[in-house]
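S.K.: What follows is the residue order along each chain.
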Amino acid sequence: MNNLKQNITSIVQKTALALLIATSVTGAACAAGGAIKGAPEAKYVDWSWAGVFGTFDRAQLQRGYQVYKEVCASCHSMDLIKFRNLNEAGGPEFSEAQVKTLAAEYEIEGGPDAEGEMFTRPRLPKDPFPAPFANKNAAMASNGGAFPPDLSLIAKARGHYSFKDLFMGRDGLVGGPNYVYNLLTGYEDEVPQYILDHDKEVNAKALEAYNKALVEYNEAGDNSLRKPDAPTPHNFDLGESSFNNHFSGNKISMSQPLSEDSVEYTDGTKATLEQHAEDVSTFLIWAAEPKMEERKRIGIKILLYLIILAGLMYAVKRRIWENVRH
Amino acid sequence: MADTGKVKEPGRRDFLYIATGAFGALGVGVGAWPLLDQMNPDASVKALASIEVDISTVGVGESLTVNWRGKPIFIRHRTAEEIKTSVNTPLSDLKDPEEDSARAEKPEWLIMVGVCTHLGCIPLGEAGKYNGWFCPCHNSVYDTAGRIRSGPAPKNLEIPEYSFISDTKIKIG
Amino acid sequence: MSGHSTYVPKSDAGKWLEKRLPIISLLHGAAVSMPNPRNLNYWWVFGGIALFMLIVQVVTGIVLAMHYTPHADMAFNSVEHIMRDVNWGWLLRYTHANGASMFFVAVYIHILRGMYYGSYKAPREVLWLLGMLIYLLMMATGFMGYVLPWGQMSFWGATVITNFFEVVPFIGDDIRILLWGGFAVDNPTLNRFFSLHYLLPFVILGVVILHIWALHVPGSNNPLGVEAKSKQDTLSFHPYFTMKDLYGIVLFAIILFYFVFFNPNFMGHPDNYIPANSLVTPAHIVPEWYYLPFYAILRAIPSKAGGVAGMFGSILILFVVPWLDTSKIRSANFRPAYRIFFWIFVANGLLLGYFGQVSTTDNFLGIAGVTNLVVSQMSTIYYFGFFVIILPVLGLIEKTKPLPNSISEAVLGAEGAAAEAAEQKA
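Chains as they are written, first to last, in my numbering: chain P, 1 to 326; chain S, 1 to 173; chain W, 1 to 426.
Rather than coming from a laboratory, the hints here were simulated on the basis of the structure.
Just so it is clear, the structure is predicted and the values come from calculations on it, not from any experiment.
Where is the CB? At the ideal position from N, CA and C, for every residue including glycine.
Be aware that a few hints might be false.
[Said to hold, decoys possible] Going by beta-carbon spacing under 7 Å, a handful of chain P positions derived as facing chain S:
#1 71
#2 126
#3 312
#4 315
[As the list claims (entries may be wrong)] Partner residues aside, some chain S positions facing chain P, computed with beta carbon under 7 Å:
#5 16
#6 23
#7 47
#8 48
#9 50
All chains should be built: construct the whole structure from the sequences, respecting the hints.
M.R.: Here it is as structure tokens:
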């Protein structure tokens, strides 16, 4: 009996240890990402909806929709979102009449009518958001060969789920909105100094290695070594792109879409760049995960139920086993 | 394995078992609901639940059939003759007695779900003994107000929820 | 399964049925009166948990199939339709997706428990083989299920895995084309994967029944690894182990539903929310976490055929474990040396899982000069070495601890066992 207990304890301890090693290994590897020295760190936004009890701020979602509609929508589609979603619970919750008006601002092809003709009619709540381009080729042709991705799921398709969020009880979804936020606020007018410094450093290292190899080559004096090639200097060239601190490779085809007062908020909120970015990121995570509020609300009840049930089951199990040695 | 607990406290042990069983059964019941409810019409189906129809092109004595919730809706612009025969039919002749005025908000416009109340076939228009509708599946005959007159169907053709948005436009559903 | 039944029908209807189809006494023998070693610890509840997870997957899967469209043009949007429009669709899909992961968690613990306590040794070899068959079928089912949402990871996962078969000599290319139904992963591939993804769980269910049957012939192993000999070594399955298993299932369900409700995408991959695109490969292709150790072995071997052979070999070698282990002692509790190698094996497996998702050319933990590739190769060597060297050799040379005479003696002490035996006689 005692022996067994010890064994179980030791098994538990060892499993815990193994798990700890595995997670710390993973964690260390994640931390050791290849960021350039001096690059600004991505901001970890304190999202109001991220916690276990977190819900969306309706006004923020409505502002976010306004940003999407007035800025993003000129290039980015949101094919999966229908106007009726704007009225549904857990979303921006525009009124039914508001949604009808919002939808009717756009037209859609209807028909065929009795004569077999197609016609245009105003959009209804059941219709999807209009797409800015007829197809992918048209979108690429209008954007210098770059394709503006559909934004319906972008907040779930970017960013990564981290152990940190898991252990903090945060919704694993924060990675995507964090990415969108940092991307939108991460533009620079000129290539920043840390990139130039990095180039310098890389070039110096390459030159050093070249000189060293050259000395070895000359010392060998025979054909046993290949003559090293002089390194081509590496210089960051922005070309037609814009500079962004948080985009992979720092060169992005999308020029800075948002700045102060890009959108005039009707609710009096100060339209700073950060406010725009936060609002539209929140709108996009709602669009990607429209049932988040329902999910958490029900989840709390289900988990509470299961915990109580587990307690009861434990009591029953103990009762059954109380006079049995095992 | 002497069961001393039972002798000491007969009630408490049973109560624990019953409470746990009931609590567990509750969970199973609640858990079964999503599995069942997922078969109900989803949000995209419900969003299509009402349609608007332009009836300006339907002349007197003409009909229009539109699709609503996957079922045909008969929109009949009735002639004065049709209205008259229907209004003059004594209720005692009817299997499912209903006044003509209860069948049509505006007498000239008869709007019905075009599904036979027998077993769901689509009746043919301007047919049958009463020049109303006739269901070829099992010979149910409806009159010019869509009321069942003979055959196996138990009820009159169903009237959907509708309203006139204007003189030429109706909203069904 | 029937051997243990003490069921005697009481009602006339019961007697009538018993004479014609003794199904109630069969079930009674399997789940009520079956004698189980009294000393089973909580590691033994994972079999029941795995069965529970299988049922969860089958039920949610059947329901999801009512809304899913297995067509390359519509699959992605139909999954989003489930997530957005279908009543409770998000709950059903998240439960199915996370349920797959948790099913593997339960099965991995179940397998490792078997390895720690030597549950595969005679006379339980067939039980082990059937279990491994279930595991193999699960991997196939899980893989095909992951393809169905038709996101980027679905598509490229399918492409990578089906390309494994190209290394088969002579007919490799034909096999690939046969699997695809075309010259690349496309709509025919998706269609057949859906069909098989629906079929295989029922095959698994069938093998599970055989697995339980094979369990009931010799009965459960136990933490001591000493066969149950007398009546006081065992307890009836019900209520003792039904209650313990149910309690374990509820605890496990808490973890499952934590993920479903509060971190439903944690075990998934963001790229799978991008529709499949046959012209662009995602930057990092990573399989589902439960395949990562095997994927690491694939990548550790620097030749295509060798990698594929190593990967399949690492799974197939599990089938012959009962014949590789030469030790007569089952439980690692009495094999101090084996216990150490076992836990290294577990840690090594986790490490392989880590290597399955990092770049092979990066340095291991940032240590200069030591690439992940080199360390993952050592891990791979240990993985195979554990089976082909440690298991056969250790059994012959290790010094084991003395075994107790019986379960009841170990649990109750010699006097207690005698007393209980006397009590039962009386």
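S.K.: Could you run down the list of hints and mark each one as holding or not?
M.R.: Comparing the hints with the structure gives:
Checking residue 71 of chain P against chain S by beta carbon gives a least distance of about 27 Å; that is not within 7 Å, so the hint is violated. Interface restraint check for residue 126 of chain P: the shortest CB-CB distance to chain S comes to about 4 Å, inside 7 Å, so the restraint holds. Annotation: residue 312 of chain P was flagged as interfacial toward chain S, and the flag holds, the nearest CB pair being 4 Å apart, inside 7 Å. The interface hint given for residue 315 of chain P is met, as the beta carbon of that residue sits about 6 Å from the closest beta carbon of chain S, less than 7 Å.
Interface hint status for residue 16 of chain S: upheld, as the beta-carbon distance to the closest one in chain P is roughly 6 Å, under 7 Å. Interface hint status for residue 23 of chain S: upheld, as the beta-carbon distance to the closest one in chain P is roughly 6 Å, under 7 Å. With 7 Å as the threshold, the beta carbon of residue 47 of chain S comes within range of chain P, its nearest partner Cβ sitting at about 4 Å, so the hint holds. Taking 7 Å as the C-beta contact cut-off toward chain P, the hint placing residue 48 of chain S at the interface holds, the least distance being around 6 Å.
Against a cut-off of 7 Å between C-beta atoms, the interface hint on residue 50 of chain S is violated, since the closest Cβ of chain P lies about 10 Å away.
Violated hints, listed in ascending order, are 1, 9; each of the other numbered hints is respected by the structure.
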